[in-house]
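Protein chains: 2
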Amino acid sequence: MGTTLETSLSKVKRGPNRASYDKQHALDIIDGALMCHLGQTKDGQVFVTPTCHWRDGDYLYWHGHSKARNVKGPVDDMEKVCINISLLDGLVMARSAFHHSVNYRSVTLFGVPERIDDAQEKQRQFEIFLEKVSPGRWSQLRPITDTEIKATGLVRIKIEEASVKLRDAPPIDDPEDHDWSVWAGVIPLERQWGEGQTDPIQQIEYPPATTPKAF
Amino acid sequence: MGTTLETSLSKVKRGPNRASYDKQHALDIIDGALMCHLGQTKDGQVFVTPTCHWRDGDYLYWHGHSKARNVKGPVDDMEKVCINISLLDGLVMARSAFHHSVNYRSVTLFGVPERIDDAQEKQRQFEIFLEKVSPGRWSQLRPITDTEIKATGLVRIKIEEASVKLRDAPPIDDPEDHDWSVWAGVIPLERQWGEGQTDPIQQIEYPPATTPKAF
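So the sequence lines, in the order shown, correspond to chains A and B. Note that the working numbering gives residue 282 to position 133 of the first sequence, counting from 1, and the numbers run on in steps of one. Note that the working numbering gives residue 245 to position 96 of the second sequence, counting from 1, and the numbers run on in steps of one.
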């Protein structure tokens, strides 16, 4: 029937809510998502930036223009950033408005980003990223150039300070509401990769690219 | 063929990237998503929290346990929070790794949250939220109680400082790569609400709940 994790851990302070720490859960959520939300500050103001991420071992990586805020800022400032990765899985429809909820998987990471400057390592990481997005595609592409590697900033944080929250369960109603005459249950959110839309300037149609397991 | 908005505005500082401001775009993105990412600070540390949101006119609302960080914190501290709402729409597969991208819609909002304490207004907002999640459902539910209203914190920010970014276009490759023999195009991410999974403790099956237009 699914689970609602309510145990907790992590070195992270949390609200009065479902929370749990389990490294494999964290890694699965990281690998199951293409996009994270990076929180950082500049001159005291919080910024949240959506960013594509990938993982290599115990490190979470992201890239961007070498001058972009989400790449340059936190490294220069030695700031401990916060990254949240969330996947909405379903709507939990209860008998009362109060007990409505969502099924979801979420991991929150904290760490001081480290910039990677070595060109060879950068290229290796970009290949790992592309392997996540489209397995086997890297070797089919026009090879990456030194200029492109230089123009792209690469940063990472170690995955060690993390908090997992997830809900995967039917509604939990007050017992006295169980017979209330309204439908109750979960409506799942389904995601899939659709049919590839070939670039209109492409003359010959090749097999479309492979799709990721992440969303 | 779709568009890549590259014009800009907003009172918000941005990276060297696609950016635009158009209020209707911002409202459409807000209404098209169920979940936002709220950035706030506590004792100098950034936190990013995924939160369901809804809109009433020019205000963005969210709720939570009245003692939860994302409800209590920013109001008490008079902090200007940052909220990002993003929808991933597709993978942009180019002929070079460098020109790979994603199609997406994203709005970033800034504001000092304001708490709503009036019980009648809180109830009205929770009804607007439920109308977004499942049109017509509110009147079918076991009515909300005063205790439930009290236990639920409600906050809002005015939608006035906003930055929209979106990409909706085929790959943009270097002209000399156009004949490179690899498939190039866009792979769309498709989302839909699946078949309702009736609560196993429910004895009678009613018609499942209506689904939202947002994801």
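What the hints contain is simulated information worked out from the structure, not anything from laboratory work. Among these hints, one or two may not hold up.
Since copy identity is lost for identical chains, a pair holds within one copy or between any two.
Claimed, not checked - In silico DSS-like pairs for lysine-lysine, Cα to Cα no more than 27 angstroms straight-line:
(1) Lys191 to Lys362
(2) Lys191 to Lys221
(3) Lys362 to Lys229
(4) Lys362 to Lys172
(5) Lys216 to Lys362
(6) Lys229 to Lys191
(7) Lys281 to Lys191
(8) Lys221 to Lys362
(9) Lys299 to Lys172
(10) Lys191 to Lys172
(11) Lys191 to Lys307
(12) Lys216 to Lys229
(13) Lys172 to Lys229
(14) Lys271 to Lys362
(15) Lys221 to Lys299
Hint by hint, here is what the structure shows:
Neither within a single protomer nor between protomers do Lys191 and Lys362 lie at most 27 angstroms apart by alpha-carbon distance, with minima of 34 angstroms and 35 angstroms respectively. In this assembly of identical chains, Lys191 and Lys221 lie within 27 angstroms of each other by CA distance both inside one copy and across copies; the values are 11 angstroms within and 23 angstroms between. Taking CA atoms no more than 27 angstroms apart as the test, Lys362 paired with Lys229 passes in neither setting, with 29 angstroms inside one copy and 37 angstroms between copies. Taking the shortest Cα distances, Lys362 and Lys172 sit within 27 angstroms of each other inside one copy (19 angstroms), while across copies they are farther apart (34 angstroms).
Within a single copy, Lys216 and Lys362 get their C-alpha atoms no closer than 30 angstroms, and across copies no closer than 37 angstroms, so neither meets the 27 angstroms cut-off. Taking identical chains as interchangeable, the C-alpha atoms of Lys229 and Lys191 lie at most 27 angstroms apart whether they share a chain (12 angstroms) or sit on different chains (12 angstroms). In the homo-oligomer, the alpha carbons of Lys281 and Lys191 never lie at most 27 angstroms apart, since the shortest distance is 31 angstroms inside one protomer and 34 angstroms across protomers. In the homo-oligomer, the alpha carbons of Lys221 and Lys362 never lie at most 27 angstroms apart, since the shortest distance is 29 angstroms inside one protomer and 37 angstroms across protomers.
Taking the closest pair of Cα atoms, Lys299 and Lys172 never come within 27 angstroms of each other, the shortest separation being 33 angstroms inside a single copy and 36 angstroms across copies. For the identical chains of this complex, Lys191 and Lys172 are inter-copy neighbours only, at 25 angstroms across copies versus 30 angstroms inside a copy, given an alpha-carbon limit of 27 angstroms. Taking the closest pair of Cα atoms, Lys191 and Lys307 come within 27 angstroms of each other both inside a single copy (22 angstroms) and across two copies (22 angstroms). Within a single copy, Lys216 and Lys229 get their C-alpha atoms as close as 19 angstroms, and across copies as close as 25 angstroms, so both meet the 27 angstroms cut-off.
For the identical chains of this complex, Lys172 and Lys229 are intra-copy neighbours only, at 20 angstroms inside a copy versus 33 angstroms across copies, given an alpha-carbon limit of 27 angstroms. In the homo-oligomer, the alpha carbons of Lys271 and Lys362 lie at most 27 angstroms apart inside one protomer (23 angstroms), although the nearest pairing across protomers, at 40 angstroms, exceeds that limit. For the identical chains of this complex, Lys221 and Lys299 are intra-copy neighbours only, at 13 angstroms inside a copy versus 44 angstroms across copies, given an alpha-carbon limit of 27 angstroms.
In this structure, the hints that do not hold are numbers 1, 3, 5, 7, 8, 9, in rising order.
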